[in-house]
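Take the given structure of chain A and dock chains B and C to it, following the hints.
Residue strings, one per chain:
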Amino acid sequence: MRKIALLMIPVVWLMQWVTCDHVTEAKSPSSAAISPATEECIGCHLAVSPGIVTEWEKSRHAQTNPREAQKKTGLENKLSSEKVPEKLLDYAVGCSECHTMNYDKHKDTFDHNGYDVHIVVTPSDCATCHTTEAKQYSQNMMSHAYGNLVHNSLYQDLVESVNGIQSFADMKVSTRPSDPETNADSCLFCHGTAVEVTGSVLRETDFGQMTFPVLAGWPNQGVGRLNPDGSQGSCAACHARHQFSLEVARKPYTCSECHKGPDVPAYKVYEVSKHGNIYSSLQKDWDFKSVPWTLGRDFTAPTCAACHASLLVDEEGAVIANRSHQMSDRLPWRIFGLIYAHPHPISADLTNIKNKAGLPLPTELTGEPVQEFLINAEEQQKRQKTMQAICLTCHGSSWVNGHWARLENTIKTTNEMTLTATRILMAAWDQGLAKGLGQNDSIFNEAIEKKWVEQWLFYANSTRFSSAMCGGDYGVFDNGRWFLSKNIRDMMDWLEIRTAVKR
Amino acid sequence: MRKIALLMIPVVWLMQWVTCDHVTEAKSPSSAAISPATEECIGCHLAVSPGIVTEWEKSRHAQTNPREAQKKTGLENKLSSEKVPEKLLDYAVGCSECHTMNYDKHKDTFDHNGYDVHIVVTPSDCATCHTTEAKQYSQNMMSHAYGNLVHNSLYQDLVESVNGIQSFADMKVSTRPSDPETNADSCLFCHGTAVEVTGSVLRETDFGQMTFPVLAGWPNQGVGRLNPDGSQGSCAACHARHQFSLEVARKPYTCSECHKGPDVPAYKVYEVSKHGNIYSSLQKDWDFKSVPWTLGRDFTAPTCAACHASLLVDEEGAVIANRSHQMSDRLPWRIFGLIYAHPHPISADLTNIKNKAGLPLPTELTGEPVQEFLINAEEQQKRQKTMQAICLTCHGSSWVNGHWARLENTIKTTNEMTLTATRILMAAWDQGLAKGLGQNDSIFNEAIEKKWVEQWLFYANSTRFSSAMCGGDYGVFDNGRWFLSKNIRDMMDWLEIRTAVKR
Amino acid sequence: MRKIALLMIPVVWLMQWVTCDHVTEAKSPSSAAISPATEECIGCHLAVSPGIVTEWEKSRHAQTNPREAQKKTGLENKLSSEKVPEKLLDYAVGCSECHTMNYDKHKDTFDHNGYDVHIVVTPSDCATCHTTEAKQYSQNMMSHAYGNLVHNSLYQDLVESVNGIQSFADMKVSTRPSDPETNADSCLFCHGTAVEVTGSVLRETDFGQMTFPVLAGWPNQGVGRLNPDGSQGSCAACHARHQFSLEVARKPYTCSECHKGPDVPAYKVYEVSKHGNIYSSLQKDWDFKSVPWTLGRDFTAPTCAACHASLLVDEEGAVIANRSHQMSDRLPWRIFGLIYAHPHPISADLTNIKNKAGLPLPTELTGEPVQEFLINAEEQQKRQKTMQAICLTCHGSSWVNGHWARLENTIKTTNEMTLTATRILMAAWDQGLAKGLGQNDSIFNEAIEKKWVEQWLFYANSTRFSSAMCGGDYGVFDNGRWFLSKNIRDMMDWLEIRTAVKR
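Here the protein sequences line up with chains A, B and C, keeping their order. My numbering puts the first sequence at residues 3 to 505. My numbering puts the second sequence at residues 3 to 505. My numbering puts the third sequence at residues 3 to 505.
Think of the hints as simulated: they come from the structure by calculation, not from any bench. Since this is a predicted model, take the numbers as computed values, not measurements. Do not rely on the hints blindly, as some may be mistaken.
Since the list gives no way to pick out one identical chain from another, each pair is judged satisfied if it fits inside one copy or across any two copies.
Stated by the list, open to error - Derived EDC-like pairs: lysine to aspartate or glutamate, alpha-carbon spacing no greater than 20 Å straight-line:
#	residue 1	residue 2
1	Lys384	Asp208
2	Lys74	Glu317
3	Lys286	Glu249
4	Lys414	Glu162
5	Lys73	Asp492
6	Lys437	Glu498
7	Lys286	Asp300
8	Lys174	Asp443
Pulled out of the complex, with its shape left as it was, chain A reads as follows (with noise of 0.2 Å):
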């Protein structure tokens, strides 16, 4: 039945593209006309994949072009690039304009009816339109992502004792190395796979034989994805296909993907916030979409795009800050993702750095910085000052400079802890208890080391992310300073324990 139905397609979908009012979102009607290819697509797809294309169809791409786009100058801006190709200009942006662009550049291309497509769009083909926003996210450290943590001897080390499979024989645990699904579907998901073609596939559709690639790490929408155009990152991360939603990259749910672990628990810290409360009681009636986003008349309290990407103004269009898809051009301190807090590392590549004991770590195991790979303090006032212009917009001197101060006392306490914690896995080490980097052991399999981890993964994390945003319980009970404090004097009754018994 659905065979004949796809017979009648042309005329059906036609019938019903000009009748439906399938753009409901900005209550006027798609304006833009659509390429001839994408047409085409849509002449399939709207029966094979109807989620995807009625998406579409409300998003901003579907209702205007880039000669529309480009209209819009200055603050409004929302098209970067200076020239957008001639035969772009005046379709919407559509199946086509996307899956085809840059088609010699992918591996992932195949022939689909006629059409050189490709499946993976990326940072790259996006650029076309929006090269100041490529630009920047090339400089945001997500975008090395699946390098930073792959290429990272150490931290491969960790992602092995966790994704690897253990099993259990003559009173012995022994491990299997990670294999690629498991990976894809643990740490690289959020930071992305490595997406590559590794054949290709005959398929039964509804439309009879055809040939696909076969990709191998995917589906994947990690922010650092390594694409098959040899691009890094994935814009669909922040920006869900294919709607492509200025509201969702604003709301905290979108960051709430990555950011919501014991490790990372941004998001859990902001809906228990002041700031979190405010949006969750008063965002109905707030603005999501207005570009420039202006302070007061469109939001009440920021998202976390607000403080850490968005372009703000205030009602009289005076800009509080510059759109960033750097993102660390706002953040003086890096508060999680290694052992100690420590200033932002200079270059978004981090697979360089190297301490004096030649670990690759931006602080010895102690926590003294790795200076040379770090901003100074000259750049972190800078980029303090680029944050704290935004929380002076609503709060006074004396406020931010007090929750300021209060935030780099809690770098150094939480780093203080965790170095407590690292002297007593060292004294374990030492005293022969467990095995570390002093008998070429893995530092992260053993119970009493994997209690250090998350001294500093979970508990320090907390605390610091629930000092940057004001979390309250963050900081104590709910993974905070209860747990780095009670997590010392559990290493140290193990430390006893084993002591005594080795004795």
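Just chains B and C now, kept in the frame of chain A:
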């Protein structure tokens, strides 16, 4: 003062009833006539329990009647019974209609101002109009949740180890059996209690002395509740009284009532998934009331209901998925609830299941499935296809196949990681460090056994839910693989210390 | 018929219905005159801190004045002070009105462009218009949250064990006393800091050099804050600046700022309760601004405020519950905050409480309540009835009685499970395996003691909240009974190993 006011009720409420536009949901005033019996109910209860009455007034039940509902046919139909008793056809579905339905079958029926009223409305009562749904639900494992827990000797032992009251004396802990109130507040809160009439009581009311039945196990809205009419389940578990709003049932908060803890973190995973993000960000613009539910027009990302229960169509009206109150017909695997993930059981009533070792489990303690009680590979394929039909409306085949391959891999590896923990526990039993099956002791009551339980009940479950629904950190640091791997090392650590101490 | 009935409606009622602008807060422009002083504030601050000004413009404070507010009488009244100073009556409640109020009593008052401005607006300032609320709040335990924590020697020891900075040397851990910044960021974040003027500072501003006071303990909005005018508390804890929206205070996110951690998971429990489900699903259609708050018309399921604070009426205008800023007048039991649940304390100031053993606790260490400081059974009954009047608007007596019986049982059993943990700890002290009260040592600083703390602070509390507010898994696997029972076995396991090692 209240009593004086009550004297004026017959006039006051009538005025109010007639004049107020209570009914806002459908923006049309109530057109359905109210039966004389229900009018009498409202006469007192608008003052005695105004919340129930006003909530009901906002319901579809108050705004239509069965005769009108029958006129909606085909996919729009919401009243599945072919025959509805004549006397019900022309009245709104009100207090009296439900609370006197099948009164002779209800042990909780009592004389209330001349009416045979019962307190607990059951699936058998709802089946008067909603036959198909009630029948499907009886094939849903949830409707058997009481017996599947209470009549499984092994699980009952787990319940006792959790809900029993422990005391300490002479350096030993002893356990008093759990009491009914604790069980009702604990496991049976979601699984459902056995609601039984234990007597009657005379109470002072605003209208003088009245007699009411005394119910054990009340209140409860658990999915597998045993009702005083002999039926199983509670429609109100998901269709919250007394508005019975389709919107509520289709939103994920309903499912979160039972599916949020570390044992079954479905809602937590959904919340931070891309689906959950889009839902949270854009649902304000969606339509949660239309039947059938049209993908793209009514909503652009699935809620729990969309994937597991709802009747979905595309904009052309083609059916994507049929309505299901069985739910398991879209599920090839059972990924939580037992020690190892396994193919779904054939019957929703699990009380006959026994493995080769004689334990009431669908797998051996070492993971091998007991195939005779479980659906075969062909049926698994069929159910997978049913679910994938929904995935494919928004995702290409490469995406969907990649996703499912990853889930199957996760099922395999989490089962392996559970087996490793099981083997460590067995070694502890063998070495006499703990007492288990071989010693005719509970397998849930010692510290090391509780670690083992968390391996499958918390960490393997969380990892699988994360894999199934794209939960990111719930498969890593938020009760995911970090804990799966750490727990094994903790169990080994315990084994080593205990062995050393014993020596 | 509708129109005829309308004629019969009492005139007052009709007027009210027609004139009430229930939902127009944001849509009507400010009609209130702004005082010259406030105009001067805005003159600079619209540029310097636009967020505050624009947020305030959306507030009721900006749109009306006390004279107008006084005209709303009876249940509609929101300005409880009988006399408001004449000079305030005809101006919007703006910057100057609050920030120069009682300037002579404020140690943080400073000369700011010729005005005596203070930074911290306090309950004493708000009391100018809201006398009743300020007075009720002074009887709320929250307003004493600073002293109740800081002046309790036992609790202060707990604070130090959490916030003190630990270091490791010579195989031993030592602890440095906590610093003020850490305390302000930790326990005092919610409890409130002591805000004190410690000096003054000259700052460069957009308007030249200016002098500002330097405040210790700032920023803070904790519920028991000690203010520079000698008052206690912060209205802004719940009534978020500067919109002071009733909608925010009535939504559960406000309470979640402090009541979300494992020590007091009220919001988490609410979120997954049936009440929370209905709220999350349907609140978009509710009215959170009308005063009084009408059950059924304005909302159909309770938020935190509905049960604990708000003035509730039914559609006839009959009062269901009076407004309460004391809150404990609806609570017979204190189910968190101390080692054992117990009847509510008589006084909100707990600093005089002492048990027979001389500890500053409302129960003995073995659970017996110290009755002289606690409300008696009669008062408990009265408070229970006050709360149940709210329950009964939507639930029958059988339901309500069953629910409360279950809660009382949970209070009893969780206290028993805490006692068991206490007895194990006492045995550890007796056996010399840990140092406690008898050894004049902290009872919070050793590993086994911290396990004991979690028994009551996390698991017993969570189980009770779940029981009180129908939280399902929060009473079982989400920090509930699973952990209550497991923790006892873990403590026993520790006791056994330690005893064996010592031997």
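Hint-by-hint comparison with the structure:
Within a single copy, Lys384 and Asp208 get their C-alpha atoms only as close as 58 Å, which misses the 20 Å cut-off; across copies the closest is 18 Å, which meets it. Taking CA atoms no more than 20 Å apart as the test, Lys74 paired with Glu317 passes inside one copy only; the shortest distance there is 19 Å, against 34 Å between copies. Both within a single protomer and between protomers do Lys286 and Glu249 lie at most 20 Å apart by alpha-carbon distance, with minima of 12 Å and 12 Å respectively. Taking the shortest Cα distances, Lys414 and Glu162 sit within 20 Å of each other only across copies (18 Å), while inside one copy they are farther apart (30 Å).
When the C-alpha separation of Lys73 and Asp492 is checked against a cutoff of 20 Å, the pair qualifies neither within a copy, at 63 Å, nor between copies, at 62 Å. For the homomeric pair Lys437 and Glu498, the shortest alpha-carbon distances inside one copy (17 Å) and between copies (15 Å) are both at most 20 Å. Taking CA atoms no more than 20 Å apart as the test, Lys286 paired with Asp300 passes in both settings, with 11 Å inside one copy and 17 Å between copies. Proximity of Lys174 and Asp443 under a CA criterion of 20 Å is satisfied intra-copy only: 16 Å inside one chain copy versus 25 Å between copies.
This entry does not satisfy hint 5, going by the numbered hints stated previously; all others are met.
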